[in-house]
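S.K.: Given the structure of chain A, go ahead and fit chains B, C and D onto it with the hints provided.
Protein chains: 4
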Amino acid sequence: MRKIRVGVAGYGTIGQRLADGVAMQGDMELVGIADLAPTLALQALRENDMIGANGVKYNLYLVDGADRSAFDACDIPVAGSFEDLCKSVDIMLDSAPGGVGASNKAKYYEPLGVKAIFQGGEKNSVADVFFHGYANYEKGVGQNYLKLTSCNTTGLIRTVDCLDREIGIEKVAITIIRRVADPGDYHRGLTNALMIDKAPSHQAVDLMTIMPHVEATGILVHTPVTHGHIITVLATAKDGKKITREMALNAFRKHPRIRTVTIDEGFKGNASLFKYARDLGNRRGDMYEIGLWEDSIVESGNDIMYAINIPQESVTIPETIDAIRASMKMQLTREEGTAETNKYLGIGKFKALQKFN
Amino acid sequence: MRKIRVGVAGYGTIGQRLADGVAMQGDMELVGIADLAPTLALQALRENDMIGANGVKYNLYLVDGADRSAFDACDIPVAGSFEDLCKSVDIMLDSAPGGVGASNKAKYYEPLGVKAIFQGGEKNSVADVFFHGYANYEKGVGQNYLKLTSCNTTGLIRTVDCLDREIGIEKVAITIIRRVADPGDYHRGLTNALMIDKAPSHQAVDLMTIMPHVEATGILVHTPVTHGHIITVLATAKDGKKITREMALNAFRKHPRIRTVTIDEGFKGNASLFKYARDLGNRRGDMYEIGLWEDSIVESGNDIMYAINIPQESVTIPETIDAIRASMKMQLTREEGTAETNKYLGIGKFKALQKFN
Amino acid sequence: MRKIRVGVAGYGTIGQRLADGVAMQGDMELVGIADLAPTLALQALRENDMIGANGVKYNLYLVDGADRSAFDACDIPVAGSFEDLCKSVDIMLDSAPGGVGASNKAKYYEPLGVKAIFQGGEKNSVADVFFHGYANYEKGVGQNYLKLTSCNTTGLIRTVDCLDREIGIEKVAITIIRRVADPGDYHRGLTNALMIDKAPSHQAVDLMTIMPHVEATGILVHTPVTHGHIITVLATAKDGKKITREMALNAFRKHPRIRTVTIDEGFKGNASLFKYARDLGNRRGDMYEIGLWEDSIVESGNDIMYAINIPQESVTIPETIDAIRASMKMQLTREEGTAETNKYLGIGKFKALQKFN
Amino acid sequence: MRKIRVGVAGYGTIGQRLADGVAMQGDMELVGIADLAPTLALQALRENDMIGANGVKYNLYLVDGADRSAFDACDIPVAGSFEDLCKSVDIMLDSAPGGVGASNKAKYYEPLGVKAIFQGGEKNSVADVFFHGYANYEKGVGQNYLKLTSCNTTGLIRTVDCLDREIGIEKVAITIIRRVADPGDYHRGLTNALMIDKAPSHQAVDLMTIMPHVEATGILVHTPVTHGHIITVLATAKDGKKITREMALNAFRKHPRIRTVTIDEGFKGNASLFKYARDLGNRRGDMYEIGLWEDSIVESGNDIMYAINIPQESVTIPETIDAIRASMKMQLTREEGTAETNKYLGIGKFKALQKFN
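Chains as they are written, first to last, in my numbering: chain A, 370 to 726; chain B, 370 to 726; chain C, 370 to 726; chain D, 370 to 726.
Just chain A, same shape as in the assembly (with noise of 0.2 Å):
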């Protein structure tokens, strides 16, 4: 079977990442990737004989308003423009900065009949299917158009969607504890201070325009460190009925994109998890799944109340794998359409390891 051509516009942060999770799909072929300037991401790559995840060639094309001499400066070669890029992609992963995404998609993906992916940063107008891997894969089947949740809505949905499969949940109220800045991000710090948003928090928000039967509200705090939001959920079933420790604690643990872990194996906090992924060797130091601390969990009356972790950098990486296998027609239901994700990123191995008392 051919495989499914994609590309990537923009290779930042989330755009390396996309290209390291489209190398490893053994059903996806990664054809380039798209940027506007020499950053040092593409200098990296060009150390490495643009050779990315998976020992897969990333050829470069350069989008609209790039400058060739800078490249060539830098001794970065260059494949072809975004327009070749775009005519030879069945889909592409779009993770230009915010609101770029909107004029590529009028400029090229729909004149060129291709389909897209878009992230976070984008207005939800922009897509047919605002998706979440695991709580709506099947509206995203067959859809020319999908906007992906950001990264905080990516890892909670996964933890609201696993608990309302299993019980049903009606409301949830959150906090997030937000990270501030990427690791290497200089220009959007903070420096001792905890910077309040209004509420309620768009996560909120955005997670009930993905479960509508839902109610959600929460207030988010940003904090002045790199490694990976911490998001407190306090979620409510329906009917009144009450969820107790072990049943919240019993769902986590079946879900592959969950990591379950306790501050007495060492798991102290974001920066833990961080260090964890380093030490696993993962390109990049990244990790797939959130964190999801069992000493948190604590019932509050009928209610359940848990701590979770959100690894910015990489979250969102697989529910975008899932999007292209949905939007593409690659598996058509939602336990096929993750199980393959999965299987390709190395997702869900640890389970088997994981003894509990």
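Incorrect hints may appear among the rest.
When chains are identical, the list treats them as one kind, so a pair holds in a single copy or across two.
Once the Cα atoms are required to be at most 27 Å apart in a straight line, the calculated DSSO-like pairs of lysine-lysine come out as [said to hold, decoys possible]:
| no. | residue 1 | residue 2 |
| --- | --- | --- |
| 1 | K567 | K540 |
| 2 | K567 | K492 |
| 3 | K610 | K540 |
| 4 | K712 | K426 |
| 5 | K508 | K698 |
| 6 | K718 | K540 |
No lab work stands behind these hints, which were simulated from the structure alone.
Every value quoted in this text rests on a predicted model; they were computed, and no experiment measured them.
M.R.: Positioned in the frame of chain A, the structure of chains B, C and D alone reads:
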């Protein structure tokens, strides 16, 4: 009427502010302070000729184990021993390091018949009553040994008690976004990490001790900042009653020790409140009120959710002064006791200035 | 003798402190302050009934473009326009955002014949003299437009000028470990990163403008903290002369605006000095002196190396007051001018208390 | 030729990387690693079926006091005791906590006739030679016990030795802007403070031990970041010789373990180098080279000043491998020894790619 004679044991972050608070009470006399070593706080006091808040002279007494020559080397005058101080007061405010308070009680307070108020670092068993000025003032009236709630719990209870008296509360779930160190601390920092504690947090448990009719739980996450904890609270009313945003807002706006603020005014986070207190010209840049963001208040089904800011260095001072009033029977009711404290500390003045739309 | 009438343009971090500094001078009158919007700083002032330092009322004037109704909505009283203020003063302290000072000069100060002192954010060309109270006071005497050195340069020059007058300095190499934001800033933070500027740093270049006989260069690294820059200085004497540790120490200890401290006393870093100023009860927790660690002074061949702490919010206030004295010919010499400033700001009092071993 | 058999004591931040480094040497065999408790690092290794760098299996031995059942509970396979490991190797790399190395030497290495290389945390007296691969390789040849310089000193000496061999250096003055914790650390953080040590810093003293003909001093300031120390160096040539920017730059560009970078390329600070190493796909996101900013190099009279970045987790690995080569007489000269290490670690490859203007 004779002024109540008060001593302060431990001139650290809390002790300095307790001394200042007592010095500002028209019906109390600060007999002296006690400490072990010539810390920077004492060097600063001596640079001011031992004159503290309100033009009051702070007489220094040395606790057991202090090396008098170290104080002489710094030209810090010494008025006597800790026993001397204990013998000259009606009541001691004990802000010594955790555990020392219990030994002070056994060795000095009980034998000498001196009452004492302990801070949150001591075990509950050190005191007859676990005390909060607004939530259970009457329980402390006439008691010999009271223990104050810790900084987070003190501020949190102000809001929960406030809602409880207006509406009736049966359950709260909190997320504490804890500042990890005070300005000037070097010994307990955290760098680029969010650290999580096992749930439930002790603050939730403490709240239930003070307000036994409320079920409370919560998760605490440490963050690398110094200017004030932020807590999000989800409160559920008794009997399935709905709490509207307006009901909560109206209740909070009336409370003298709750400063309702908005992001639009410029209160973007905890550092804004710290800066504002400095710009007010408050001594040490302190604030006695907690901040409560009006823009954070959101409804979650019948529940209400909101975020508060806890100025950890100074928030417990008013309630500790309340405790003196209760223990010494200076005022017999919560309304009278807290009103006198507020008057002398200048709390609530800003309420008259606030205009609400 | 008539008091010199002073206005302050811009009530930000520096402007607030300039107003306070002027209000403390017995031979100056703070006519008013001017700003554009009802910032938190102005809301705090209004909460104090517009009373600032030393019990002085701060009259507020509005600059061009200000929306009067925004001030009315906050109940902040307005005394008039910026032009009104300019017409009522002998000299303006311009702490408006960078660039605005130049336009203020063209539109108001020159036409109205008002003298002005500009802060470090303006270009040097805005002024007749680039000024430092200790290093070149006499150059500013009688001049109409002076520009102050920036915070780092002001503190740095205190020490280099101090050594130069005692020993004779021909070369300095500095490393600036820069705090990246002020307490309360949210717009220019840095998170878990050290950021480096192209060398040489502008502070080294500025030093050479003020002290043209010294060759200076340096490297600046931004760090994610808010409580004071630290600078290391390597100074070389003229003619191959050796500077001993003792020579340097003796010179520094005599300077009123240099506070020599030690790690053993408890001054472990920049946050200790911030805390100490708060514990002194200083308004806004400010300190006018720079800190200089005695334990940091080491000999490097014939050169001397040492580290200083720059309290960035307040360090330029004394030299700006000096600039008023020079420009208005209140005192004609460096010794007399700085002495008057020091007297009214309470600088140097601690010198009498210091005991050296 | 038989491979040299190497063991690693202590599988912490350094030990993990030492094991990886040995696993990558074609002429060495990693016999095993030893540790005390089932840390996250070991849990990560076990999640990879005990396979580490280069596809090599890492056999785990337990040190005295280890609780075997704790490893069994985590399903971490154990190969034997520390004594077993010692008996199977030619040389041990000891990266146990400070002080343990000395007791390992007395109890195991000396009695069993095993050579050992100690890390910077041990006292100098533990070893025959205080070693640096580039600065004094020959001194280590055939010696039984070597101690490596610490991370800052290792990187610093690369540059000073580099200049010394080209130009001749007699004096350096350094400012160390130290990162205070590693990513994943919770026990030694610092929050919103710069902390200063008593001068001179031990790194300057250590440099003089390795390079006794150079006079060195320096000041160290701790900063709340995790991604690499930055050091500024002021170097003075022998005999009053002037070092031009070009001379220094040419020397640095030729050194395999110095990566010269520029701000314009995007290397804005220490976090850029950390990110770059992750983007290179390096195991654990590590980098063996130090960074040296070309834009930081400035002349100060006859002296040269520059800034370097020290990747504290991995910088000592190459010099430790050099130490094995020297101690085991695998290569007898600095040039041959470091070249073999570089070849197997992939160091210096980027040099061929660099284009200089």
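S.K.: A separate judgement is required for each hint: does it hold in the structure or not?
M.R.: Here is how each hint holds up against the structure:
1. K567 / K540: So K567 and K540 pass the 27 Å test inside a copy (20 Å) and across (24 Å) alike.
2. K567 / K492: within (19 Å within a copy, 38 Å between copies)
3. K610 / K540: both (12 Å within a copy, 16 Å between copies)
4. K712 / K426: Classified as both; 22 Å inside a copy, 24 Å across copies.
5. K508 / K698: within (11 Å within a copy, 67 Å between copies)
6. K718 / K540: neither (32 Å within a copy, 40 Å between copies)
Going through the hint list in order, the structure does not satisfy hint 6, though it satisfies all others.
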